[in-house]
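Undergrad: Read off the chains here:
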Amino acid sequence: MSGAPNSAAGVTPARALPGSGDERRHLIVAIVNNRPGVLNRVASLMRARNFNIESLAVSATERSDTSRMTLTIVGDEVHVEQATKQLYKLIDVLKVQDVTDEAIVEHELALIKVRVTGKSRPEVVSIAEMHRGRVVDLSDDAVIVEIVGEPSEVDRVVELLREFGIKELVRTGSVVMSRGSGSIEEQVKR
Amino acid sequence: MTQAKHVPGAGSSAALASERARKEMLRDARIERRGGPRPRIGADALCEALLLQGSTSIWGYPGGVILPLYDVLVDHPGLRHILVRHEQAAAHAADGYARASGKVGVCLGTSGPGATNLVTGIGTSMLDSVPVVAITGNVPGVLLGKDAFQEIDITGITLPMTKHNYLVRSADEIPHVIAEAFHIARSGRPGPVHVDITKDALMGETSAPHPTQSEVEAGLPGYRPKMDGNARQIKLLADAIAAAKRPLILAGHGVLIAQGERELLELARQAQIPIAWTLLGIGVVDEADPLAYGYMGMHGWKHVNRAIQSSDLLIGIGMRYDDRVTGNVRTFAPSAKIVHIDIDPAEIGKNVVADIPIVGDAKRVLEALLPMTERVDPAARATYFTELATWRKESESSAWHGSGGWRDGVLSADFVVERIAAGSGYDANLTADVGQNQMWVARYGGFKRANSHLSSGGLGTMGFALPAAMGAAIGTPEKTSWAIAGDGGFQMTLQELATIVQERIPVKIALMDNKKLGMIRQWQEIVYAGNYHSEQLAGPDYLKLCEAYGLPAWKVAKPEEVDAAVAAALAVDGPALIWFEIAERQNVYPMMPAGKGLSDLIDKWGDDGEDVTEGASGPRLDPTDPNAPKGGTE
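Protein sequences, first through last, are from chains A and B. One point on numbering: in our numbering, the residue at position 63 of the first sequence is 53, and numbering is uninterrupted. One point on numbering: in our numbering, the residue at position 271 of the second sequence is 307, and numbering is uninterrupted.
Rather than coming from a laboratory, the hints here were simulated on the basis of the structure. Accuracy of the hints is not assured; some may be wrong.
Lysine-lysine pairs mimicking DSS-like chemistry, simulated, CA-CA at most 25 angstroms apart [stated by the list, open to error]:
id: 1; chain 1: B; residue 1: LYS632; chain 2: A; residue 2: LYS79
id: 2; chain 1: B; residue 1: LYS594; chain 2: B; residue 2: LYS580
id: 3; chain 1: B; residue 1: LYS139; chain 2: B; residue 2: LYS262
id: 4; chain 1: A; residue 1: LYS179; chain 2: B; residue 2: LYS281
id: 5; chain 1: A; residue 1: LYS79; chain 2: B; residue 2: LYS484
id: 6; chain 1: A; residue 1: LYS85; chain 2: B; residue 2: LYS262
id: 7; chain 1: B; residue 1: LYS139; chain 2: B; residue 2: LYS271
id: 8; chain 1: B; residue 1: LYS281; chain 2: B; residue 2: LYS262
id: 9; chain 1: B; residue 1: LYS139; chain 2: B; residue 2: LYS515
id: 10; chain 1: B; residue 1: LYS281; chain 2: B; residue 2: LYS271
id: 11; chain 1: B; residue 1: LYS139; chain 2: B; residue 2: LYS484
id: 12; chain 1: A; residue 1: LYS109; chain 2: A; residue 2: LYS157
id: 13; chain 1: B; residue 1: LYS281; chain 2: B; residue 2: LYS373
id: 14; chain 1: A; residue 1: LYS75; chain 2: B; residue 2: LYS373
id: 15; chain 1: A; residue 1: LYS103; chain 2: A; residue 2: LYS179
id: 16; chain 1: B; residue 1: LYS373; chain 2: B; residue 2: LYS594
id: 17; chain 1: B; residue 1: LYS262; chain 2: A; residue 2: LYS75
id: 18; chain 1: B; residue 1: LYS429; chain 2: B; residue 2: LYS484
These figures come from a predicted structure and were not determined experimentally.
Okay, chain B solo, but in the shape it has when bound (with noise of 0.2 angstroms):
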């Protein structure tokens, strides 16, 4: 392995110490300026809210409009901003953050591209029930719809991605906004609300008092979620799950966002359920727990479909039945009766027809149902047990390059991330990109942890690692906090190297570099019967640019290797990357084409990818070469 220099730069804690001194002096500066208190001003008013309601960091990025906020921010040091190098980045990390510890993320723009720029990552938390915050700044009232400069119909962009959103014309009106806001981010099935804050709102003098909880319940009578699940619903799943053969939990984010993975583990040890998950229901239960059977859908584990597939009662908890999930649903689990439980009543029906519907809170119904629910013994599953385990062997022993090396012992995707996770204890954040990466995390991060998988299910937004990385160091800091990215998603947003040397955010960056879009190149292998096109991806010198940016950096081709560097990165007090040359043609199987069935799986394809050029012996592909083949060379 080789290792960049470390150059010692922006992100040094002496750096830190001198811009904190300089912080001080200006406040102080600005406190003899004024020449004594001043009016409270509805970005103070915004500050408290947000102190109130328990934020300590805001992600963001100044611009004109929302200038009289970080006018003020100086007078609320309990409020940390973070400079990030792009506002998408922003609304990432805060995503981040509340993935990983459960509170709800902030994040701030200003009026026009500083609004749009957040957009996908508002989308992405929208998609997944992320509860965020995201605050804009517009311009001033008078100027609203006039086409002024920055000016932009965000909250109309906003509004049907977002649980909720308002425009806020007035000071007055900020202490109840923010308040309304996080309740609705973090109540029910949790999403992002949108405020957008004209100019003269934010420095309108104010006394509007904050609401208390009761208020904001009280002035929202059409926001009432439903926790508890109909008791006789509970019943009649209680009574199925007596009567099934081969019953199976579906848990989804759901269960996470409840807090009732004790009571999913209690529900499948008293009736002896073995438990499947969703990508966003990861961590759900230790995967090393006995009735832990694994990852489900499109590129879940062959066994783990197969036991969908062969189900006479599936029990969903707190997940969506998506076409990730179920692909083709006329085929999708042919003999099972749909038990589908979830907050959202319109989740319900939406994408398969439920024998068992409940609307509640995952945690609240599990604990209704746990009474009601008979104690089994293993016994009387012998004969689905001995099966489930049959068909684990076999697709687990088909899928996995445990030896590091794929074909001729060039490293294989598998096995970085499973290193990565057990060189890390199974307790760190792994966050995913989009893709194959995606895919490898979520098949082979051995997860033991709630909300220690983080991971763009809905939206599938690529460039998501790394930011919402920084999210999950600064939500929750007692833990490491990996970037699993792709050559191509990490590109997206690698302009954030600077706000986690700049801000010494301790991620750890795993860059898994095919110099490909490796799943694009998957389905145009298998899908597109090998037309490649734009799935070559030239990449700088990884090296060299984390050099230029003052991050640690190593780079790995080999599996004996990266041991060594996943220790040399996590040695680090500080943000570090390792560059992993991976295999340049590995697909992710199983695989489910679109519009198949769980039945359906592809396991290998043609040649799986074999490619002569490639190997410990024969030379790479090098995109950068002009004289380099297009579009591979099948």
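For reference, chain A alone in the conformation it holds in the complex (with noise of 0.2 angstroms):
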């Protein structure tokens, strides 16, 4: 014990660990360099990180040497916005950014097989009708059911097609876009 001045712990409050506060869910994009390897750098960094990631998007942009990412992954202020500064550091990320907070449209699409039956059959599909989905298969048994929407409708119509008996599910995962003229993509410097 050095006998030093305020080190007594209980006296002076505990220093915060980075990352203990509030966990909530973050969408973050990402434009990176089209390129052979540049998922499995993401990937790789946020497995070494330890950020757990809930959803990843990926797709081509506009112009087509860059492509674009879409995580989710849910943490607190500091643990998330550790994420991004990591994601910056590889050399193939182009832009990042957190738009948790910000006015955005979030859709994702679900395809879901539910198993039917010839009287059950005008339920399921009133209930994606009602839903803004459609059936785009239909068999003896089975129909599938497309939803595009917020992950709460896609949740909803989960929830309620599961009486039914679902025989499998796919989800792509929230794809982002922000309201108004901004755009993302237009900010990545060149």
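Grab the two chains, each in its own frame, and use the hints to assemble them into the complex.
TA: Here it is, written out as structure tokens:
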């Protein structure tokens, strides 16, 4: 024990640990070089740094030399900020933005294969239609319902269809875009 | 002291001259065989690119797919290829070269095992932000992914432990990729860059030109290191300094990388702030300077850790508040406002929450800060400085074995380190290994010069000292380079004795032999209740070993023999080794047990490791003796 003033634990409040705040879901958009291995770099970084990706959507952008990634991560502000800063360190990452608190459109698409009988089919179809979904495949004992919307809407439809028996479910994960004329892609410095 | 017979061998100047003549003959024969100029291939482009980047040495080891490069090396005489005995040593040597000289180090290996052997060294450079370009060959492009002979997904392996990496499949890409690799390795927060090149890319004909620096930078839109700190944040720091009563600078490697030592000292003098340093920050200030307070952290000086715990303003510059510095973050510097200056934005808020974060190059931020900082009269800090001086006197007197004898005159390690540093005029590069020896070097090296202390801080790589010291010796030939290694780390890479003899690299080796894995023993004594296991370490007769390698060597077991041996080793024109038989049970104090805080330092433990079997009069434990007590005698 050094006997240094102010050092006795209990007298001074403990220093806060980074990442110990309130957790919530964050939406991160990353514009990256469209090159082989970039997805691997992002995924490897998130794994190595102990960030848990809830969903990840990757696709082309307006420009053929870049791709866009949308990641959802759960954590406190510091933890998620750390994730974005680590992402920025990748040479192939051109722009990263946490858009959670911005005005955005957030959508995902789900395909849901539901077990049906002659009797239950109309009910399933009407649930889909009521939620701006549509039936994209029809067979004797199953239909595929396609739903596009906010993740909470998709959750609701999945919940409603569960009682009929879901044979298969696939979701794309969220993709987001800011409302208004602002563009993340246009902010990329070239 | 006993001296081994010096065996003149491969390292003699006559042997080197004949080797040179042989190479020239080979080169002439080759040109004749070709019957004229040959086309430029990828391997040529690689050599040109290295030379354009200012590289003059490559540490490497040949193998199947990298042979096209060795086939053209003779045509690029500006590049000295130094053949190591294991690729790990090539990576450490490139690292040591970079740390000592500030230039980018280059290492080379073949595919498969050659590449995986480099990995430990690349990781070492990554954790300590050392600029190294590691080049590996890979199987021809058509064989990639087919599990071909000596094929491994090496870019997949190095991806998380490099600043960036490349797989090059065409000769035309080589000039640009190499230029980019060097730019990325040395700029911003430096780090290793790995370039994997397929055999067909090395062999393919190419006319691709070398890019200019501005072309390289323009091609990297996702890489723009932020050099200048935010002016408003810097003003906040200046205000905080003006208000602080107990400010303390925590200087790290970033200050050395930015070459900001002069600005750091100016700030310290102007605002009368003492400087503490991290392991990799050693050398940031002359340790004899009145404002140099000392080495901090787990095995740092007690007075320094005390100053941190009582500080009201910690100014961390180019350091990362890592766990070896802070201990338990929750009890770290409870009353201090934390300032964090670093070029890497991701370091800020990673380990501690910073009150004043500043992203930027250490030198540039200090330059901006100086004009805003008020001059402080030393008298205004009289109470603070008096207290610091008292603490310092206390902690320095308790830890030091200045007499050279630890327990009944057995040689003490701290004394040896101090005599090596003094004997070399406090101007040599001291490369430490990992473990107790590393902490003794950090504490007792008495450093005065930037980049004169080399240590694997982040990764803590045993076996680092000898190969890294080779690199330092080539990188700064005007300085003496010592490798100070324990018998554990030394035995991990001692194959490089052949390299220093063959290439006549003048490394002076101080082997700190306690016939133990000393730090393991210390932890087992203190943390694991004396439950010793696997800490006894048999070793060869190092004089015979050195004789076999043709290396001058001395054995020293008494304090009074140390100075003469150091002088004798320094007098050798070339490599030499001193085998120090040091106390077997000496611990490094103070020590902060893992998970504890800086206020929980251990000064001594139990009987301080004293053992009746040890001492000038008692027998030493002989680990090669099958009847020797296993796992200690306590």
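Undergrad: A separate judgement is required for each hint: does it hold in the structure or not?
TA: Verification of the supplied hints:
| no. | hint | in the structure |
| --- | --- | --- |
| 1 | LYS632/B with LYS79/A | 32 angstroms, violated |
| 2 | LYS594/B with LYS580/B | 20 angstroms, holds |
| 3 | LYS139/B with LYS262/B | 21 angstroms, holds |
| 4 | LYS179/A with LYS281/B | 44 angstroms, violated |
| 5 | LYS79/A with LYS484/B | 34 angstroms, violated |
| 6 | LYS85/A with LYS262/B | 15 angstroms, holds |
| 7 | LYS139/B with LYS271/B | 33 angstroms, violated |
| 8 | LYS281/B with LYS262/B | 31 angstroms, violated |
| 9 | LYS139/B with LYS515/B | 16 angstroms, holds |
| 10 | LYS281/B with LYS271/B | 18 angstroms, holds |
| 11 | LYS139/B with LYS484/B | 21 angstroms, holds |
| 12 | LYS109/A with LYS157/A | 18 angstroms, holds |
| 13 | LYS281/B with LYS373/B | 11 angstroms, holds |
| 14 | LYS75/A with LYS373/B | 23 angstroms, holds |
| 15 | LYS103/A with LYS179/A | 43 angstroms, violated |
| 16 | LYS373/B with LYS594/B | 48 angstroms, violated |
| 17 | LYS262/B with LYS75/A | 13 angstroms, holds |
| 18 | LYS429/B with LYS484/B | 20 angstroms, holds |
Violation of the numbered hints given earlier is confined to hints 1, 4, 5, 7, 8, 15 and 16; the remaining hints are satisfied by the structure.
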